[in-house]
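Asks: In the order they appear, the protein sequences are chains L and D. Counting in our numbering, the first sequence runs from 20 upward without gaps. Counting in our numbering, the second sequence runs from 1141 upward without gaps.
One or more of the hints may lead you astray.
[As the list claims (entries may be wrong)] Derived coverage of chain D by chain L (criterion: at least 3 residues anywhere in the stretch with Cβ under 8 Å from a Cβ of chain L; other residues may be distant):
id, stretch
1, 1145-1155
2, 1207-1214
3, 1243-1251
[Said to hold, decoys possible] Derived Cβ-Cβ restraints for the label pairs, each shown as a range:
id, chain 1, residue 1, chain 2, residue 2, range
4, L, Val26, D, Leu1279, 30 to 38 Å
5, L, Arg112, D, Gly1294, 22 to 30 Å
6, D, Leu1212, L, Gly118, 16 to 24 Å
7, D, Pro1280, L, Arg112, 37 to 45 Å
8, L, Gly118, D, Pro1280, 37 to 45 Å
9, D, Arg1267, L, Ser120, 51 to 59 Å
10, L, Ser120, D, Val1144, 44 to 52 Å
11, D, Ala1245, L, Val92, 26 to 34 Å
12, L, Ala63, D, Val1144, 18 to 26 Å
These are computed hints drawn from the structure, not numbers from a lab. The C-beta atom is built at its ideal place from N, Cα and C for all residues, glycine as well.
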Amino acid sequence: MSGTPLVYYLLLAALLFSIGLGAALTRRNAILVLIGIELMLNAANLNFIAFWRYSPNPEALSGFMFVLFSIAVAAAEAAVGLALIVSIYRHRRTTRLEGMSSLKG
Amino acid sequence: MSAVFIFLAGLLLASSLAAVMFRRLVYTALSLAVAFASLAALYLHLGAEFAGFAQVMVYVGAVAILIVFALLLTRNAGSDPEHPGHGGSWITGAAIAVLVFGCLAFNIVTSSACARPMPNPPSITTRQIGESLMTRYVLPLEVLGLLLTAAALGAATLALEDKRKS
Chain L
20 MSGTPLVYYL
30 LLAALLFSIG
40 LGAALTRRNA
50 ILVLIGIELM
60 LNAANLNFIA
70 FWRYSPNPEA
80 LSGFMFVLFS
90 IAVAAAEAAV
100 GLALIVSIYR
110 HRRTTRLEGM
120 SSLKG
Chain D
1141 MSAVFIFLAG
1151 LLLASSLAAV
1161 MFRRLVYTAL
1171 SLAVAFASLA
1181 ALYLHLGAEF
1191 AGFAQVMVYV
1201 GAVAILIVFA
1211 LLLTRNAGSD
1221 PEHPGHGGSW
1231 ITGAAIAVLV
1241 FGCLAFNIVT
1251 SSACARPMPN
1261 PPSITTRQIG
1271 ESLMTRYVLP
1281 LEVLGLLLTA
1291 AALGAATLAL
1301 EDKRKS
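Whole structure, please, built from the sequences with the hints as guidance.
Replies: As C-alpha cells, this is what we get:
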C-alpha cells in the first residue's frame, strides 16, 4: 500500500491548517471565515486518520471514531453558523464582518 | 512517498488555496468541494474507507451545498469589494498563519513520534465499526444524535426568525 511516511501527512495537515487560519484571519466575508474554520477542522481530521493508520494498534478504532464524531459536529457547526449568517444578513444586509460589530438586533 | 499521495496532496493544497483566494464566491464554493473530495480520497488512500465515504456524504454532499445556498441567499451583499492589500490587518493575519505553520512544522520534523514505521493495513470491516458504535461508543453516539437534532432545530429557528416577527 502507501509507503508515505507519517511526517508528510502531518506536514500536509499543518499546511492545510495554516491556509484555513490565514483565511479566517484575513478575509472580511463571514462565509469565507466559516470556510477557513472548516478547513482547519478538516486538517485536524486528517491528523487523526493519519495517526490512527500509523498507530501500533489500529483495531482499537479510537482515532477513527474521533473523526466520525468530529465530522458530525462540524456539520452541525456549519449549519448553525450559516443560519446565523443568513439571519444577520436579513437584519443588516451585509455579510461583511465590519458590519456586524454591534450586538444590537 | 507514493505518487498517489503527491497528486492528492497537490490537489488538496491547490484547491484549498483557491477556495480562500478567489474573488468570485461561487468559485470559492466549487473549489472547496474539490478540496473536500481530495481529502476524502486521502482517507481512502490511508485505508479509512468508512471515514472517506462519510466525508464525501457530509462535506461534499451537505456542507458544500449549504455554503452554496448561503452564498445565494446573501448574494446582494456586494460580491467582493475587499482589498486584501490595504491596511496592516491582512499582513498581520498572513504573518500569523505563516508563523503557526513554522511552529507546527518545526515540532513535526523534530518529533520522534513521526519515525515509526507504517504497520500492515488494518482489516477494519464496517461490521466492526457498527459493533463498536453500539457498544463502546454508544453514549457519544446518543449525545451526538441529540446535538444534531438541536442544531437542526436551532438552524431552522434562526433562519425563520425574521419572518415570524413581521
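Asks: Hint numbers the structure violates, sorted upward?
Replies: Failing hints: none at all.
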